[in-house]
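Protein chains in written order, with my numbering: chain A, 1 to 369; chain B, 1 to 507; chain C, 1 to 371.
Just to be clear, a hint being listed does not mean it is correct.
[Claimed, not checked] From the derived model, a few chain A residues whose C-beta atoms are all more than 10 Å from chain C: (1) ALA89; (2) ALA138; (3) VAL144; (4) ASN208; (5) TYR218; (6) GLN354; (7) GLY356; (8) GLU363.
[As the list claims (entries may be wrong)] If we take Cβ atoms under 7 Å as the criterion, some of the chain C residues that face chain A in the derived model are: (9) THR101; (10) SER103; (11) LYS106; (12) PHE166; (13) GLU176; (14) ALA177; (15) PHE264; (16) ALA265; (17) GLY271; (18) LEU273; (19) GLY309; (20) PHE310; (21) SER312; (22) PRO319.
No lab work stands behind these hints, which were simulated from the structure alone.
Think of the CB as a built atom: it goes at the ideal place given N, C-alpha and C, for glycine as much as any other residue.
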Amino acid sequence: MRKWLALFMIVCFLFALVGCGDDAPPPAADDDENGDVVDEAELRVGMVTDAGTIDDKSFNQGTWEGVQMAARDFGLETRYLQPGGTTEADYITEIGNLVDAGFMFIVCPGFKFETAIYDVQDRYPDAKFVLIDGYPHAGDWDPVVKENVVSIFFTEHESGFLAGLATALQLGEGEVGFIGGMEIPPVQKFSWGFQQGVLYANENYDTNIVMQAENFIYEGTFENVAAGQQLAAAMFDKGVDAIFAAAGGVGIGAINEAKARAAAGEEVWIVGVDVDQYDEGIYETGKSIILTSAMKYIDVATYDMIQAELDGTFPGGEILTFNAGNYGIGIPRENPNLDPEVVELVDEAFKAMQDGTLVVSDEQGDLFR
Amino acid sequence: MNNIVEMRDIRKEFPGVVACDDITFQVKKGEIHALLGENGAGKSTLMNILFGLYQPDQGDIYLRGEKANIANPNIANDLGIGMVHQHFKLVHNFTVTENIILGLEPTRHFMINKKTASARIAELSKRYSLNVNPDSIISDVSVGMQQRVEILKMLYRDAEILIFDEPTAVLTPQEVRELMKIMRGLIDEGKTIILITHKLREIMAIASRCTVIRRGSVVGTVNVADTTEEKLAEMMVGRTVLFDVEKGEGKPGKEMLQIEKLTVEGTGGGHGLKDFSLTVRCGEILGLAGVDGNGQSELVEAIIGLRRANDGRVLIGGQNVTALSVRDRIQIGMAHIPEDRHKHGLILDYTVQENLILKNYFTEPFSRKGILDWNYIYGHAERVIRDFDIRAGEGAHATARSLSGGNQQKAIVGREIDGNPDLLVAVQPTRGLDVGAIEYIHKRLVEQRDQGKAVLLISLELDEILDLSDRIAVIFNGELVGIVNVDDADENMIGLMMAGGKKEVSA
Amino acid sequence: MKTRVRVKKDFTMSLFAVLLGMLAGALLMLVTGSNPIENFYYLFRGGLMNIERIGNTLATATPLIFAGLSVAFAFKTGLFNIGGAGQMLIGGLCATAIGLTFSWPKPILLTVIVLASLFGGALWGALPGVLKARFNVHEVVSTIMMNWIAYWSVFYIVPQYFKGPFLETESQRIPEAASLKIPWLTSLFSGSYINLGIFLAVVCVVIISIILERTTLGYELKAVGYNRDAASAAGINVNRNIVLSMAIAGALAGLGGATFYVGFASNMQIGVLPSQGFDGIAVALLGANSPWGALAAAIFFGLLHTGKGFMSAMTVTPPEISDTIIATIIYFAATSVLIERNWNRIKQYSPVALYKKVRPGGVDSTAGGEQ
């Protein structure tokens, strides 16, 4: 028995020895001269994923694509980590890992990072943080944005409005529904904006689009693909023609269901979210069931922040809003499934938003949940 | 050199025991060679080594004069060794053919070709007069037939050396006679048989030579023709064995167990009890005879408190216990040696000392305020181990599983008798035990009687009932057929009663 | 009472399993084109390199200790508790509910929280126990169902009664007074999430090992676990013991829930079954179902989980592969049962045995009396 123990110890010791002797390729984390090793020119950019995977076809992926774009353009080293859970402690752990590994510019997509960023902005004053869809607070929603943090918001309601308007105009007549992931502000705003867009079309362009409360649903997660498929199937069965799926992986399930139905000859649509999901919706015929997508230019925002850091203009301490005004949201430039007239009308609405003549509410009001 | 099997200086150790201590064992081609020994003597281990289930720590095996390295049973099969295990290894919802070809299915275009196999099995069955229908489902055929399927399995794999592990343990006398006929047939066809057994009568009836093993060592190999049952028994046990139980006159006292018009439901198609009444007195052994499945299990369960009585009463020492729990009955003075020691008697993963307190761990001095006193428990175990001659490799700390069957049973008997009960319900107390252990347990049961305890002995072995009982009750179909004094009874009469023939003799 | 030999053997077995797991992990690293030595170096460094990370390792291990203890305890008594996740949820829900409802002084509040989570978990465990005892419903089925009942109960109750002003999907933040994190401990481990839970866990390990090894209760529970028929024939009330065993297992997991939701985490999220509930099975397996074994195994797993991120950050191994590597190590480590089964064969080929074989006239005491 003792021999086994000894053997184990030896193996452990060997690991430690070899590890120490090894000239570790990335600079050792606890190096005191951390600042010297990582000079400004070689900014190392890290990202911690929110719930869901890096290839979630929406939020995480959008952020990561922004990081990658910047890495290509500026020759940066990048890395993402995936937390073991979704608690604040899990997020802080991964942020700490990145910092310890010398990644001093960290992008965190998602409101769930709010309290974690609040913690680490003091803990790692030398690191810079970009928090998307949230602002740091201690759990009391009282914003405390330090000089090393930028908080980014998008006007999801505007994006949702444009998608809703486009959907209503393209369908002309029919019924629409909504599948959300978690019931959190960005997703809610998508829904409310979408509803306003549809109503706007009904009032101003004589469309006849029906919305029913029971077809505005939050699945509760961003991961449950199977549940998304089931919810979508149920809605399509009830006669819904297009579903706005703002739900990460759950939305992928809805897209899969729509693809299956479209392949079988049914005419059903999904409205994508966060990024242009057109390619996700392509089925056998080469067509896509993605009518359009309510986009947030997360990649652009991420890219801009990295560029700003390299230029020395990192807007630390600020809460930025990306909206129609600064082209932070919108529907895709290419919309093969929308008629040109529809695109034109949506463009009009976009311009109206920009000059302030069209205001979309970011509150529920009389709308569905 | 006509030794088909030769095992030289085989040694095999398990933690705490030497199962085989330099055993040398030779089998001639074409003989039936019996391997005799008490339970735990090492005969099964030796055969498992030959069959490739164990690797010897030291020693060599020669087959047909050539050294063989039998690393696993597949190699044993390839070398022409087959084994019929004590517990058959058959898939119950498969047909005979499917069971036999399992593992070497003849295929054609990836389809199992059952027809070819079936024809070959039918032919083998005919050649060895096994009388097996290849298309029967295993669950539909009798135990004796299942055993023949196992034999066919070996023959189908062209085995030349056939090992039978306690083949008669599960058979009725009639089936035993059939088996012997089959074995002789196999020998006539040039096969060699190794027969593991502890039943002397069978060896005398069929084997040509016999090797006796005691505590891991070979005592000797003898020609059966030159020996007697008594001599073999002496070799096996190491001393003269008394086949008859010494037993003086009984002095029956007051009634200890009274069963009054007891009616219980049966399980799984078995018979329950109907209006069953029986009385066991202090200072007597009452034997309950009957063919298996006629309500014995239900009766036992009703007495010890595991089965609810639909009607009637059970009294122990005059106290009505019908509604009491098992534990209450134990505390009144009931002890129970169960039929299935692995299922009901022992907790195999517990150590001997833990098993010995199974019924009184919660009482002082074994525990105080819910805390076990391991020192006391250990001391107690050491004493019981000594008193009841329980042999275990690691003594009180050995797990019950590591004990041989006989020693497991001794541990149960030790536990039950050591509690000084007034009533002892002993069910098949010597099932599967060897001569030495049987003798020992019988002695202890008689001793209990002589100390004025009431003993209810339930057994399927008529010999045992006749040897030990003062009175014999016979059960059939859940009803009491009758009770006779042992002096008035003989095998034929009891046998008739067991078949349901009414014989009203009051006792 | 387990003999020393047996414990030692279990320990060797588990150690061997861990080595095997790491070997398998190393193989996977090689296959994915990364350097195993470098990876393992950063893996262990990530879990141990400073006091904060050691604290995090222990904090990560805490709920695992409870979950592992729960599974091991139930297993000792012959029951397979797959319901750890649900029991943790309920324990956590009780803790969260009390923490967010009352504003008592910290010592009182924490005591009540611990007790409430204990009873909540116990109830959640006892229910499958009752179903098993009364109706012979297999506990694997019923505990899994109880997981989902807990999941959806939390899904409903948290947003309904305990949600924060903006978020529908998680409870308000646990107030300082209701958190198992305490300032001196946090600062002792320089800002780690370590909390009182680790002490609670060690206390539970001690209590459970005493119950199992020294009390009549443990004796009964194990007897029922090993052989139900023999136990009932010996007069032990099997049904009572099944319910009791499941209740204790549930209570342990419930406590684990408290340490997770008001200790490690700082609020309760809906829509997540805590993975620790299931990891507890692996913890129990690696720990050979002994309380102390579970403690050690949980800390080892905590180390892996904590070090994993650092490994990904310092090497080119992507996080998904790291997850796979950790899962592989855990999977292999949990197969100590298989190793036990083949132990003799393994021993035969061990360096020690081979050495003995080649060296003539070994001084080994068992071979001394030969010839």
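Each hint, compared with the structure:
1. Consistency note on ALA89(A): stated as away from chain C, yet its beta-carbon is not over 10 Å from all of that chain's, at 4 Å minimum.
2. Residue-level check failed: ALA138(A) sits 8 Å from the nearest beta carbon of chain C, not beyond 10 Å.
3. No Cβ of chain C approaches the Cβ of VAL144(A) within 10 Å, the least distance being about 14 Å, so the stated non-interface status holds.
4. ASN208(A), annotated as away from the interface, keeps every beta carbon of chain C farther than 10 Å; the closest lies near 32 Å.
5. Consistency note on TYR218(A): stated as away from chain C, yet its beta-carbon is not over 10 Å from all of that chain's, at 7 Å minimum.
6. Distance check for GLN354(A) against chain C: the nearest CB is about 28 Å away, which clears 10 Å, and the non-interface claim stands.
7. Residue placement check: GLY356(A) keeps its beta carbon more than 10 Å from all beta carbons of chain C (closest about 26 Å).
8. At roughly 12 Å, the least C-beta separation between GLU363(A) and chain C is larger than 10 Å, which holds for a residue marked as non-interface.
9. A cut of 7 Å between beta carbons decides the hint on THR101(C): the least distance to chain A is about 17 Å, and the hint is violated.
10. With its C-beta approaching chain A no nearer than about 15 Å, SER103(C) sits outside the 7 Å limit, and its interface hint is violated.
11. Hint status for LYS106(C): violated, given a least beta-carbon distance of 17 Å to chain A, over 7 Å.
12. This hint holds: PHE166(C) has a C-beta 6 Å from the nearest C-beta of chain A, less than the 7 Å allowed.
13. Interface restraint check for GLU176(C): the shortest CB-CB distance to chain A comes to about 10 Å, outside 7 Å, so the restraint is violated.
14. Evaluation of the ALA177(C) hint against chain A yields a violated restraint, the C-beta minimum of about 14 Å exceeding 7 Å.
15. For the restraint placing PHE264(C) at the interface with chain A, the shortest Cβ-Cβ distance is roughly 5 Å, inside the 7 Å limit, so the hint holds.
16. A hinted interface residue such as ALA265(C) counts as satisfied when its beta carbon comes closer than 7 Å to some beta carbon of chain A; here the least separation is about 4 Å, so the hint holds.
17. Given hint, GLY271(C) at the interface with chain A, holds; its Cβ is 4 Å from that chain's nearest Cβ, closer than 7 Å.
18. Contact between LEU273(C) and chain A, as hinted, is not supported at the beta carbon level, the nearest pair being about 11 Å apart and thus beyond 7 Å.
19. For GLY309(C), the suggested interface contact is upheld, since its CB lies about 4 Å from the closest CB of chain A, less than 7 Å.
20. At about 5 Å, the closest approach between the beta carbon of PHE310(C) and any beta carbon in chain A falls short of 7 Å, and the interface hint on this residue holds.
21. Because the beta carbon of SER312(C) sits about 5 Å from the nearest beta carbon in chain A, less than 7 Å, this interface hint is met.
22. Contact between PRO319(C) and chain A, as hinted, is supported at the beta carbon level, the nearest pair being about 4 Å apart and thus within 7 Å.
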